[in-house]
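Chains as they are written, first to last, in the UniProt record's numbering: chain W, 1 to 122; chain U, 1 to 164.
Watch out, some of these pointers could steer you wrong.
Claimed, not checked - Within a straight-line C-alpha distance of at most 27 Å, the following computed BS3-like cross-link-like pairs (lysine-lysine) qualify:
no.	chain 1	residue 1	chain 2	residue 2
1	W	K111	U	K151
2	W	K47	U	K151
3	U	K96	W	K18
4	U	K97	W	K83
5	U	K97	W	K30
6	W	K111	U	K97
7	W	K14	W	K25
For the record, the hints were derived by calculation from the structure and aren't laboratory data.
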Amino acid sequence: MKLLTHNMLTSHVKGVIKGYPLIIKATEVKVNELEFNGQFVSRMIPKLEWSALIQAAGWLGQSQDLPSTLIPDYENDEEFLRKVHRILLEVEVIEGCLQCPESGREFPISKGVPNMLLNEDE
Amino acid sequence: CLKGLLFYVFSLTVGCMLYTIHITFDDIQNKLVADLGCGCGVLSVGAAVLDAGLCVRFDIDEDALDIFKGNVEDFELSNIDMVQCDVCSIGSSYAKKFDTVIMNPPFGTKHNQGIDMQFLRTAISMASTAVYSLHKTSTRDHIQKKANDWKVKKVIAGNIYFRC
Numbered sequence: 001m002k003l004l005t006h007n008m009l010t011s012h013v014k015g016v017i018k019g020y021p022l023i024i025k026a027t028e029v030k031v032n033e034l035e036f037n038g039q040f041v042s043r044m045i046p047k048l049e050w051s052a053l054i055q056a057a058g059w060l061g062q063s064q065d066l067p068s069t070l071i072p073d074y075e076n077d078e079e080f081l082r083k084v085h086r087i088l089l090e091v092e093v094i095e096g097c098l099q100c101p102e103s104g105r106e107f108p109i110s111k112g113v114p115n116m117l118l119n120e121d122e
Numbered sequence: 001c002l003k004g005l006l007f008y009v010f011s012l013t014v015g016c017m018l019y020t021i022h023i024t025f026d027d028i029q030n031k032l033v034a035d036l037g038c039g040c041g042v043l044s045v046g047a048a049v050l051d052a053g054l055c056v057r058f059d060i061d062e063d064a065l066d067i068f069k070g071n072v073e074d075f076e077l078s079n080i081d082m083v084q085c086d087v088c089s090i091g092s093s094y095a096k097k098f099d100t101v102i103m104n105p106p107f108g109t110k111h112n113q114g115i116d117m118q119f120l121r122t123a124i125s126m127a128s129t130a131v132y133s134l135h136k137t138s139t140r141d142h143i144q145k146k147a148n149d150w151k152v153k154k155v156i157a158g159n160i161y162f163r164c
């Protein structure tokens with residue numbers, strides 16, 4: 001599970017009002033190289049919940065001086081874009097779980113795939 | 001053996017579809033792509049090979065997960081990700097988050113009729129630019145009508161023929 005994907009995931013447990021962001025508890029994390037494309041990263045940034053990304057990076061011990069708020073004119077800052085590229089696309093959670101911040105319900109991550117399926121009563 | 005052959009034929013068809021999406025509409029390279037009901041993952045492997053920025057697969061099925069891991073290893077593709085979930089329950093969680101949605105939705109059986117339309121509706125909510133989806137020819141008018149109801153700007157239909 002990459003952090004670009006994690007940034008979009010919410011908990012839909014019944015009755016939960018704000019199941020976001022899902023807390024990451026990782027037991028295995030890998031970093032896989034992926035070709036850098038500044039344009040793609042630049043376009044993804046406005047779609048992100050930036051604070052959730054920073055929190056996620058923190059949970060994985062990958063904060064790497066990413067700023068807590070977006071810098072202006074980031075589109076032209078290649079060093080910044082490369083850092084964002086790494087955290088969004090190269091760092092992957094292979095095993096662990098995602099925890100709903102409100103209900104505490106845990107969604108397992110296995111072989112890199114989070115299982116967001118709910119039981120019938122949830 | 002027959003299953004293998006059908007898969008191969010299907011791959012050629014899907015390959016043509018993806019190639020058209022890429023060359024004619026430029027909706028794959030460097031785009032954030034979603035593959036709904038990815039099943040064996042042919043579509044997302046294709047999208048990854050065509051340099052999607054990232055292709056995220058969504059499927060409910062356990063088998064699809066194993067295939068995902070296999071694809072990543074065998075093809076050494078790192079621009080694919082996957083989420084196990086029920087596409088019919090997604091609602092508007094991913095509203096406009098993706099540039100493009102590609103899919104070969106389940107066509108529906110006696111027990112889950114209309115599932116292809118549910119998938120289509122979800123796909124349209126997720127995509128900011130375009131949805132590419134395979135449907136039975138017999139549903140063409142129905143889809144056009146629904147697309148109008150959902151205020152979809154443009155529906156372009158192509159035909160793919162299977163010769164038996």
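How the hints compare with the structure:
1. W/K111 / U/K151: Not satisfied, since the Cα-Cα distance of roughly 39 Å exceeds 27 Å.
2. W/K47 / U/K151: Measuring from Cα to Cα gives roughly 23 Å; hence the hint holds.
3. U/K96 / W/K18: Holds - the C-alpha atoms of W/K18 and U/K96 are around 19 Å apart, at most 27 Å.
4. U/K97 / W/K83: This hinted pair holds, its Cα atoms lying about 21 Å apart.
5. U/K97 / W/K30: holds (25 Å)
6. W/K111 / U/K97: holds (24 Å)
7. W/K14 / W/K25: holds (22 Å)
Hint 1 from the list above is the single one not met by this structure.
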